[in-house]
Amino acid sequence: GVASFAALSFSSSCCLQHYCLFVLSRGLVGIGESSYSSISPTIIGDLFTNNKRTMMISIFYLAIPLGSGLGYILGSGAKDAAKDWHWALRVSPLLGITAGALILLFVPDPKRGDTHQKGGRMRTSTSWIYDIKALLKNRSYMFSSLASAAVSFAIGAFGMWIPIYLFRAQVVQKIAVPCTKGICRSTDSLIFGAITCVTGLLGVIIGFATTRFFRKKTDRADPLVCAITMLGSAIFICIIFVVAKKSIAGAYICIFIGETLLFVNWAITADILMFVVIPSRRATALAFQSFTTHLLGDAGSPYLIGQISDRLQKNYTTSALWQFLSLGYALMLCPFIIVLGGMFFLATALFFLDDKEKAEKQ
Numbered sequence: 001g002v003a004s005f006a007a008l009s010f011s012s013s014c015c016l017q018h019y020c021l022f023v024l025s026r027g028l029v030g031i032g033e034s035s036y037s038s039i040s041p042t043i044i045g046d047l048f049t050n051n052k053r054t055m056m057i058s059i060f061y062l063a064i065p066l067g068s069g070l071g072y073i074l075g076s077g078a079k080d081a082a083k084d085w086h087w088a089l090r091v092s093p094l095l096g097i098t099a100g101a102l103i104l105l106f107v108p109d110p111k112r113g114d115t116h117q118k119g120g121r122m123r124t125s126t127s128w129i130y131d132i133k134a135l136l137k138n139r140s141y142m143f144s145s146l147a148s149a150a151v152s153f154a155i156g157a158f159g160m161w162i163p164i165y166l167f168r169a170q171v172v173q174k175i176a177v178p179c180t181k182g183i184c185r186s187t188d189s190l191i192f193g194a195i196t197c198v199t200g201l202l203g204v205i206i207g208f209a210t211t212r213f214f215r216k217k218t219d220r221a222d223p224l225v226c227a228i229t230m231l232g233s234a235i236f237i238c239i240i241f242v243v244a245k246k247s248i249a250g251a252y253i254c255i256f257i258g259e260t261l262l263f264v265n266w267a268i269t270a271d272i273l274m275f276v277v278i279p280s281r282r283a284t285a286l287a288f289q290s291f292t293t294h295l296l297g298d299a300g301s302p303y304l305i306g307q308i309s310d311r312l313q314k315n316y317t318t319s320a321l322w323q324f325l326s327l328g329y330a331l332m333l334c335p336f337i338i339v340l341g342g343m344f345f346l347a348t349a350l351f352f353l354d355d356k357e358k359a360e361k362q
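In the UniProt record's numbering, the protein residues as written are 1 to 362.
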């Protein structure tokens, strides 16, 4: 999976004149990504249990925001150094090949559900269709998957549009000139990438520490922590669009706090799945959750936000101020989606104990 991700990612940078091939190769990158993103947490689940598993999953999920942030930084740096955007796509393949080699050399291949065996016996594996039907009936799994899609929606939209939005804010404040042609400056992408790195690290660490503490208070700690932090994140993300017109620094502070709270749930969501899904079904559950998360989340959110912004601009005379405001109005959809995700986590909390008990008995 890692090798195919690296190869397809590199091949997409070589599509110099064929847009359709470029889109196809970028789409195929998701095949490799999905393979290792769905299998890796199940390996961790087979190696560890309880709080130690939570810690290890948290460490694993640090790679998502950390890698995303480094992608902004290294991609922008490679593009600027080579003065060619194609080189931004040639950084991750090298890292992917290195990671694949390390996996082959050092990662063990445990028996599925090895840490959950009781009396040396494991439940017999069922068919894929049966597993899907069981997952659809698992309320905690379904609600947490929908909540993850809400997070993915916001992160996908932010990654695409927040640097552009902040650049337009600086144009409105007359501290930057409009970028009408050529390669635009990447300062905002670099700053946003750095913030994503730091907030990702903080969010996952805070999530691990918070759930570990509150598990002593309530057995529903995992979904409740996710719900509260998501609802708090929505508040600070709303404030971004209030302060950005007058204070770029204020907007970055709100982004920092909002993203930190948003990233709290990354590892916890995977841990919720480990609690409510039996070991033999986890790989399927993670794959289905990944598919749902991307389909309803970051696969379409950048396009949707762009379309809303363009439609708003068509209704009025184009100006720097209206370009800034229209994109801000479009991005305001994100906090509402995040609130919806928080509601899904609250729903998860209602059914979490029942579904966890069912999984333990099977």
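What the hints contain is simulated information worked out from the structure, not anything from laboratory work. Treat the hints with caution; some may be incorrect.
Heads up, simulated DSS-like pairs for lysine-lysine below, C-alpha to C-alpha not over 30 Å straight-line [to be verified]:
id : residue 1 : residue 2
1  : K137      : K314
2  : K79       : K137
3  : K83       : K216
Restraint ranges, calculated between C-beta atoms of paired labels, are given here [as the list claims (entries may be wrong)]:
id : residue 1 : residue 2 : range
4  : V23       : D219      : 41 to 49 Å
5  : I235      : V23       : 44 to 52 Å
6  : L350      : A249      : 55 to 63 Å
7  : E357      : T187      : 48 to 56 Å
8  : I97       : L350      : 42 to 50 Å
9  : Q173      : L136      : 44 to 52 Å
10 : A81       : L136      : 46 to 54 Å
11 : S127      : E357      : 19 to 27 Å
12 : A63       : L304      : 22 to 30 Å
13 : T218      : F336      : 35 to 43 Å
14 : T187      : H18       : 49 to 57 Å
15 : T98       : F336      : 34 to 42 Å
Heads up, the beta-carbon is just placed ideally off N, CA and C, and yes, glycines get one too.
How the hints compare with the structure:
Between K137 and K314, the direct Cα distance comes to roughly 45 Å. Violation of the 30 Å bound is thereby established for this hinted pair. Taken as a hint, the K79 and K137 pair is broken in the structure, with Cα atoms around 47 Å apart against an allowance of 30 Å. Straight-line distance between C-alpha atoms of K83 and K216 comes to about 54 Å, which puts the hinted pair past the 30 Å bound. In this structure the hint that V23 and D219 lie 41 to 49 Å apart at CB holds, the actual value being about 46 Å.
At about 37 Å, the beta-carbon gap between I235 and V23 misses the expected band of 44 to 52 Å. The hinted range of 55 to 63 Å is not satisfied by L350 and A249, whose Cβ atoms lie roughly 40 Å apart. At roughly 52 Å, the beta carbons of E357 and T187 sit within the given window of 48 to 56 Å. Restraint check, I97 to L350: a C-beta distance of roughly 45 Å satisfies the suggested window 42 to 50 Å.
A C-beta distance of roughly 50 Å is found between Q173 and L136, which places it inside the suggested range of 44 to 52 Å. Restraint check, A81 to L136: a C-beta distance of roughly 49 Å satisfies the suggested window 46 to 54 Å. In this structure the hint that S127 and E357 lie 19 to 27 Å apart at CB holds, the actual value being about 24 Å. In this structure the hint that A63 and L304 lie 22 to 30 Å apart at CB holds, the actual value being about 27 Å.
Distance hint check: the CB atoms of T218 and F336 are about 28 Å apart, inconsistent with the given range 35 to 43 Å. A C-beta distance of roughly 31 Å is found between T187 and H18, which places it outside the suggested range of 49 to 57 Å. The hinted range of 34 to 42 Å is satisfied by T98 and F336, whose Cβ atoms lie roughly 40 Å apart.
The structure is inconsistent with the numbered hints 1, 2, 3, 5, 6, 13 and 14, although it conforms to all the rest.
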